[in-house]
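Protein chains: 2
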Amino acid sequence: MGKVATAEAMRFMVDCLKAVGTAARAAEQQAELLIQADRFGHPSHGLNRLEMYVNDIISGACKPNNEPKVLKESPSTAWIDANNVLGATASHYAMDVAINKAKQTGVAWVTVKGSNHNGMAGFWAQKAADKGLIGMAFTNTSPLLAPTRSKQSALGTNPISVVAPASQGESFYLDMATTAVAVGKIEMQRRKGEPLPAGWAQGPDGRETQDADLAFETGCLMPLGGGERTSGYKGFGLAAMVELFCGISAGANYGHHVRSWSHSGDGGPANLGHCFVAVDPECFAPGFGDRLAESIQHWRQLEPTDPDLPVLAPGDKEKKAAAEADVKGTVSYVKQQIESSAALAERLKVKPMEVEME
Amino acid sequence: MGKVATAEAMRFMVDCLKAVGTAARAAEQQAELLIQADRFGHPSHGLNRLEMYVNDIISGACKPNNEPKVLKESPSTAWIDANNVLGATASHYAMDVAINKAKQTGVAWVTVKGSNHNGMAGFWAQKAADKGLIGMAFTNTSPLLAPTRSKQSALGTNPISVVAPASQGESFYLDMATTAVAVGKIEMQRRKGEPLPAGWAQGPDGRETQDADLAFETGCLMPLGGGERTSGYKGFGLAAMVELFCGISAGANYGHHVRSWSHSGDGGPANLGHCFVAVDPECFAPGFGDRLAESIQHWRQLEPTDPDLPVLAPGDKEKKAAAEADVKGTVSYVKQQIESSAALAERLKVKPMEVEME
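First to last, the protein sequences are chains A and B. Counting in numbering that gives the first Met the number 0, the first sequence tops out at residue 357, every number present. Counting in numbering that gives the first Met the number 0, the second sequence tops out at residue 357, every number present.
Rather than coming from a laboratory, the hints here were simulated on the basis of the structure. Treat the hints with care, as some may be off.
Here are a few chain B residues that face chain A, going by a calculated C-beta distance under 7 Å [claimed, not checked]:
hint	residue
1	SER73
2	TRP78
3	GLY105
4	VAL106
5	TRP108
6	SER248
7	VAL278
8	PRO313
Ranges between beta-carbon positions, derived for each pair [stated by the list, open to error]:
hint	chain 1	residue 1	chain 2	residue 2	range
9	B	LYS319	A	GLU345	56 to 64 Å
10	B	LEU213	A	ASP307	22 to 30 Å
11	A	ASN64	B	GLN300	35 to 43 Å
12	B	VAL326	A	GLY192	49 to 57 Å
13	B	ALA342	A	GLN300	41 to 49 Å
14	B	ASP305	A	ASP305	35 to 43 Å
15	B	PRO285	A	ARG24	45 to 53 Å
16	A	ASP305	B	LYS350	37 to 45 Å
17	B	PRO285	A	SER58	28 to 36 Å
18	B	GLY286	A	GLY20	29 to 37 Å
19	B	ALA342	A	PRO285	39 to 47 Å
Derived PhoX-like pairs (lysine-lysine); straight-line CA-CA distance at most 25 Å [to be verified]:
hint	chain 1	residue 1	chain 2	residue 2
20	A	LYS102	B	LYS68
21	B	LYS350	B	LYS62
22	A	LYS319	B	LYS150
23	A	LYS71	B	LYS102
24	A	LYS71	B	LYS350
Here the structure is a predicted model, which is why all the values come from computation and not from measurement. The beta carbon of each residue, even a glycine, is placed where N, CA and C say it ideally should be.
Construct all of the structure, not just a fragment, from the sequences and the given hints.
Right, dumping it as structure tokens:
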């Protein structure tokens with residue numbers, strides 16, 4: 000592992016994005032999104048993604064200095080063309096529209112087409128929660144999920160995120176892929192040389208596999224719930240629901256029409272679809288924050304099956320990781336990540352990231 | 000099994016509800032909700048539930064002839080007090096408010112307190128879809144779900160439903176409990192004397208159990224995803240999200256404060272919370288229905304792992320069951336159900352249901 004000062008990791012990401020022509024503000028917003036994932040202990044959505052964004056900018060597939068625009072709106076909805084900007088630029092723009100409308104009418108529903116990968120969905124839901132609203136974010140992604148009974152993938156890992164502010168400094172934070180696990184977990188088992196648990200992924204014959212290499216090459220993740228007997232069709236249904244909210248509503252690429260996840264800057268824009276929702280809890284019963292805080296605290300205090308493993312409320316793991324990273328002022332990366340970042344620095348003629356190897 | 004003409008099952012349910020003082024329209028609406036579940040092949044939410052409603056009316060826990068009212072509203076939201084009416088009355092009222100507001104502003108978000116069990120969530124999402132909208136329905140229910148790592152239950156089976164109209168006579172129909180399975184599936188294994196698959200339910204020690212009797216007595220279902228290793232915390236997170244939308248937002252009973260599912264008409268109102276959402280797809284990209292139909296048809300045509308088990312789109316199973324029931328003009332009930340309905344008829348001095356035993 001290599002340890003990097005959080006500010007230095009940010010500096011490096013901003014420099015790389017600027018080196019390929021991204022204006023300062025767009026580069027900073029994208030870097031803030033990525034560093035948040037690294038702080039939250041979700042490295043698959045952090046620095047790890049930087050090179051993909053850089054490649055898409057170099058190839059012209061992403062146009063970071065374009066401007067998103069509203070194509071159609073009503074008092075509580077907006078349809079936005081991201082105009083192929085970076086995912087962070089598009090998502091800040093769209094969630095700002097949602098927040099403003101929700102403050103007026105109580106709820107806003109915004110869909111976006113023509114966008115790019117917008118990182119950790121929770122970052123966007125949190126943006127609305129920071130304004131006192133219930134925030135929700137959904138996005139489609141490249142096909143990786145095999146619907147129940149199918150040999151082939153047809154949907155992405157299509158995340159659902161809901162974040163809401165509670166009293167006493169608490170908050171509800173849910174950010175989940177609708178596959179059983181994200182592809183990063185398969186990669187981790189592969190690196191460790193360990194087999195996969197049941198219900199994670201399929202081999203090319205459409206049957207569950209415990210072989211991490213085969214699963215990685217096949218690229219057919221099982222939906223949340225695993226096989227049919229354990230209700231995997233519900234995870235498939237949720238992934239399909241996210242696609243309905245995103246690509247299908249926004250008129251972006253959708254489902255099997257989204258480009259492959261192994262794409263590496265070979266042209267064509269991603270044209271991803273997102274959906275952002277903001278709801279003002281003040282429109283309903285007074286005391287929302289108190290009831291939410293009481294629930295969160297109740298869950299944590301439930302008697303655990305294993306006394307060494309206390310019950311966690313949604314988001315507890317992420318908040319703990321972020322707090323630890325912030326105390327240290329550093330984020331940590333695997334050796335492979337440190338090496339590929341050094342190579343990227345050289346390729347882009349950017350000052351390499353200062354790393355303390357552990 | 001016993002076969003009953005669909006109209007006769009309806010007649011019986013309406014008569015029972017009227018026998019305990021329910022006005023005709025409320026009785027008919029509740030019976031329509033129940034018969035839909037029987038037609039859809041979800042008998043746990045059909046006639047099976049009738050006696051619970053009847054008992055709650057007799058005990059005074061439910062007041063079927065009250066009227067729901069809007070407590071607070073904005074252009075796109077409403078907070079409703081169901082005033083303790085039957086779930087069907089409350090839900091028709093609330094979804095009508097949502098539909099009208101969504102037609103005006105593009106989206107509506109409505110929460111309800113003071114309600115009773117409102118049956119199959121999909122019935123309510125379908126009501127909005129029938130008006131050309133994307134309909135969503137959520138409700139809290141009695142505690143049965145054990146959060147990941149917990150020995151105790153803390154949330155209900157809290158369903159999520161999303162229904163949307165598509166072109167070519169297609170529609171997207173998702174209606175799912177956020178537990179791995181509904182309690183009815185445990186009952187079915189118990190009746191058959193078969194063990195439970197992994198990931199369904201816990202015993203009193205908090206460990207997974209394959210013992211259907213023990214699982215039924217313990218009443219701790221596992222969330223969608225099963226154990227922690229297979230991401231059961233996502234199912235827990237979804238159940239918690241539903242509670243946030245329902246009881247927590249609406250100021251109804253919530254989570255562990257909701258009365259036990261084994262309650263049998265002993266007084267105190269349920270005070271359940273629901274949430275209804277309607278979104279007008281016309282507010283976004285033209286061609287929504289075409290893209291949705293194309294997706295649904297694509298999923299069905301995916302190459303299946305087992306050639307005898309074609310891939311199903313969300314809702315295909317329910318639509319097939321309903322079509323078959325409608326061709327026959329009958330619904331079927333297990334012997335136990337037939338017997339308890341006969342006893343109920345006698346208790347309420349209502350004409351018994353005409354049954355053809357098979």
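* Hint numbers contradicted by this structure -> As far as the earlier hints go, 15, 16, 24 are violated by this structure, in ascending order.
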